[in-house]
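Undergrad: Starting from the known structure of chain A, arrange chain B on it as the hints suggest.
Those sequence lines, one after another, are chains A and B. In my numbering, each number is its position in the first sequence, counted from 1, plus 2. In my numbering, each number is its position in the second sequence, counted from 1, plus 2.
A couple of the hints might just be wrong.
Copies of the same chain look alike in the list, so a pair counts if it fits in one copy or across any two.
[Unchecked claim] Under the rule of at most 20 Å between Cα atoms (straight-line distance), these lysine to aspartate or glutamate pairs were calculated in the EDC-like manner:
| hint | residue 1 | residue 2 |
| --- | --- | --- |
| 1 | K162 | E227 |
| 2 | K162 | E298 |
| 3 | K162 | E301 |
| 4 | K223 | E208 |
Simulated from the structure, these hints should not be mistaken for laboratory data. If you're wondering where the values come from, they're calculated on a predicted model, not measured in any experiment.
Below, each chain spelled out in residue letters.
Protein chains: 2
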Amino acid sequence: MSAPTPGLAVRVPFAELQALLQAILQRHGCSAAVAAVLAHNCASAQRDGAHSHGVFRIPGYVSTLASGWVDGQAVPAVTDVAAGHVRVDARGGFAQPALAAARALVVDKARSAGIAVLAIHNSHHFAALWPDVEPFANEGLVALSVVNSMTCVVPHGARKPLFGTNPIAFAAPCAGHDPIVFDMATSAMAHGDVQIAARAGERLAEGMGVDAAGQPTTDPKAILEGGALLPFGGHKGSALSMMVELLAAALTGGHFSWEFDWSGHPGAKTPWTGQLIIVIDPSQAEGGRFAERSRELVEQMQAVGLTRMPGERRYREREVAGRDGVALTEQELAGLRELAG
Amino acid sequence: MSAPTPGLAVRVPFAELQALLQAILQRHGCSAAVAAVLAHNCASAQRDGAHSHGVFRIPGYVSTLASGWVDGQAVPAVTDVAAGHVRVDARGGFAQPALAAARALVVDKARSAGIAVLAIHNSHHFAALWPDVEPFANEGLVALSVVNSMTCVVPHGARKPLFGTNPIAFAAPCAGHDPIVFDMATSAMAHGDVQIAARAGERLAEGMGVDAAGQPTTDPKAILEGGALLPFGGHKGSALSMMVELLAAALTGGHFSWEFDWSGHPGAKTPWTGQLIIVIDPSQAEGGRFAERSRELVEQMQAVGLTRMPGERRYREREVAGRDGVALTEQELAGLRELAG
Numbered sequence: 003m004s005a006p007t008p009g010l011a012v013r014v015p016f017a018e019l020q021a022l023l024q025a026i027l028q029r030h031g032c033s034a035a036v037a038a039v040l041a042h043n044c045a046s047a048q049r050d051g052a053h054s055h056g057v058f059r060i061p062g063y064v065s066t067l068a069s070g071w072v073d074g075q076a077v078p079a080v081t082d083v084a085a086g087h088v089r090v091d092a093r094g095g096f097a098q099p100a101l102a103a104a105r106a107l108v109v110d111k112a113r114s115a116g117i118a119v120l121a122i123h124n125s126h127h128f129a130a131l132w133p134d135v136e137p138f139a140n141e142g143l144v145a146l147s148v149v150n151s152m153t154c155v156v157p158h159g160a161r162k163p164l165f166g167t168n169p170i171a172f173a174a175p176c177a178g179h180d181p182i183v184f185d186m187a188t189s190a191m192a193h194g195d196v197q198i199a200a201r202a203g204e205r206l207a208e209g210m211g212v213d214a215a216g217q218p219t220t221d222p223k224a225i226l227e228g229g230a231l232l233p234f235g236g237h238k239g240s241a242l243s244m245m246v247e248l249l250a251a252a253l254t255g256g257h258f259s260w261e262f263d264w265s266g267h268p269g270a271k272t273p274w275t276g277q278l279i280i281v282i283d284p285s286q287a288e289g290g291r292f293a294e295r296s297r298e299l300v301e302q303m304q305a306v307g308l309t310r311m312p313g314e315r316r317y318r319e320r321e322v323a324g325r326d327g328v329a330l331t332e333q334e335l336a337g338l339r340e341l342a343g
Numbered sequence: 003m004s005a006p007t008p009g010l011a012v013r014v015p016f017a018e019l020q021a022l023l024q025a026i027l028q029r030h031g032c033s034a035a036v037a038a039v040l041a042h043n044c045a046s047a048q049r050d051g052a053h054s055h056g057v058f059r060i061p062g063y064v065s066t067l068a069s070g071w072v073d074g075q076a077v078p079a080v081t082d083v084a085a086g087h088v089r090v091d092a093r094g095g096f097a098q099p100a101l102a103a104a105r106a107l108v109v110d111k112a113r114s115a116g117i118a119v120l121a122i123h124n125s126h127h128f129a130a131l132w133p134d135v136e137p138f139a140n141e142g143l144v145a146l147s148v149v150n151s152m153t154c155v156v157p158h159g160a161r162k163p164l165f166g167t168n169p170i171a172f173a174a175p176c177a178g179h180d181p182i183v184f185d186m187a188t189s190a191m192a193h194g195d196v197q198i199a200a201r202a203g204e205r206l207a208e209g210m211g212v213d214a215a216g217q218p219t220t221d222p223k224a225i226l227e228g229g230a231l232l233p234f235g236g237h238k239g240s241a242l243s244m245m246v247e248l249l250a251a252a253l254t255g256g257h258f259s260w261e262f263d264w265s266g267h268p269g270a271k272t273p274w275t276g277q278l279i280i281v282i283d284p285s286q287a288e289g290g291r292f293a294e295r296s297r298e299l300v301e302q303m304q305a306v307g308l309t310r311m312p313g314e315r316r317y318r319e320r321e322v323a324g325r326d327g328v329a330l331t332e333q334e335l336a337g338l339r340e341l342a343g
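Looking at chain A on its own, in the form it has when it is part of the complex (with noise of 0.2 Å):
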């Protein structure tokens, strides 16, 4: 999660700032249905305060567009592979749509079998990985994704990057609240917050990256310059950034972080390679009293003194932007009229 962007001056109905969005994608090369989607899970970023996922990104979509090098049209093909696995081909088109062609049948399964999974590739991630977890347990559903990136991470006793930022998100029912969802990078940073550190010009906490020379650095530019970032956690968060690519890479048939190669499409952006989600149906758990025990675990966790659940904050500020609307600076809503034309 990012630090509140500084400066933000105007607030925004989600339905229009979804709309402008929604504009900007179809004008450059997104097909509605695809530009539905993508604006949706934006604006939800911008919305919920995860700033280095919302409109921060849309440069970066259009770039990326404009590059030739992810297919804005492209038409998932969603194969039912047996009782608990649907694969989806996104055609080298981006994820999120994948995703909402192949929903349905995967919570059904999940229903039906007890668990499901959702095996996605040939899709492109560009987003944060919350929103594509929480509208599970929206629906009484456990849900856990992962989804690989691009090359930036060193693992852990290693002296080159190979990993990803290569994100972990969880989502569960939570009986009388929101549900509890955590989006962690597996990195000691997201890359979108290096970007915005380096945009700001702000130093970074020791132990985030290394420069282009493999050595410690607390400058977000190094670590974007030929740099790269280090795992949370040391050998263990480099452990589970290997199992990412495990699951969201070998076992979808998508790319690893190291395997695409974008240099004949500059502008390029985004990560071709593949995500993984798990879908529980906690329903058919012994005792059958999942969101109940969940609420347990929250008063637990309050009482031996936590001031704030994981997502928490997100629904915080998404109650003062159902209110007041959606906030960000006048500049980047200026530059998004533009990119709308």
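TA: Here is chain B on its own, set in the frame of chain A:
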């Protein structure tokens, strides 16, 4: 993983060590079936150099069995819930015999449905977690397991301990290699390793835990006597530990790490919680080349300078033990023989 115990002086053939451990466990209250499973597990940990879960654990097994806290004779009850869901009531016994009882059914379901979940509750897990997942990878399957334990970890941002050490283990096949396997506590250290450091009079690294007053300490005794561990990797490791509580306890119908009270059973050592195992059949995945892709990942990790893959130290120790016998100290062997009567 633990540092090697100093003073390893004798080597015993694996089968002999296993038979000795089985005799001890049967003498102290386990049925032959339960003793066989636990003895194989514990001897395997010792063989592979995972000393915090090797014969070091045997006095704990004896103590917890003598206390009446765990039922060493329990016969697990397996329920076939759905096409991808198996549930086991361990009936107050150990988790490993519960897994053994359901294993074939879970493998069948993973192969037919593409994915399956095994939910174990009313169970005690007092062992390493990698022996539970590695065998799935040896059959070409991918396995992920979580188990919660007993309150000894302060959630990130909280004042008091709540979570257990809550490990996550993962195993995946790798063509022409041993499976890729990791087993990590979501605490900064495994509890058994803190005990070993305390016994050896060693200090810990910074950031592992707090004393009874909640202050950072490097004294393992201060962590064990009223203090607590910290999660690995700050808020991210803490979120993963929370996820383990939800998956291993809420989703299985088991107890959370803080929910059981063994005060009426002096000598009780084993957390009475739950365990979740997710098994995926990668042969149904796009491309069907999972194990080859897994090997390509390993080769790339080696190419960027990684000298040791997760799990590799265990395989090396195993190889030596297969040739020369399993290493333990003379005192350990004498202690085991005394316990065998």
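Undergrad: Next, verify each hint and record whether it holds.
TA: Cross-check of the supplied hints:
no.	hint	in the structure
1	K162 x E227	within (14 Å within a copy, 42 Å between copies)
2	K162 x E298	between (44 Å within a copy, 17 Å between copies)
3	K162 x E301	between (43 Å within a copy, 14 Å between copies)
4	K223 x E208	within (14 Å within a copy, 29 Å between copies)
In summary, this structure violates none of the numbered hints.
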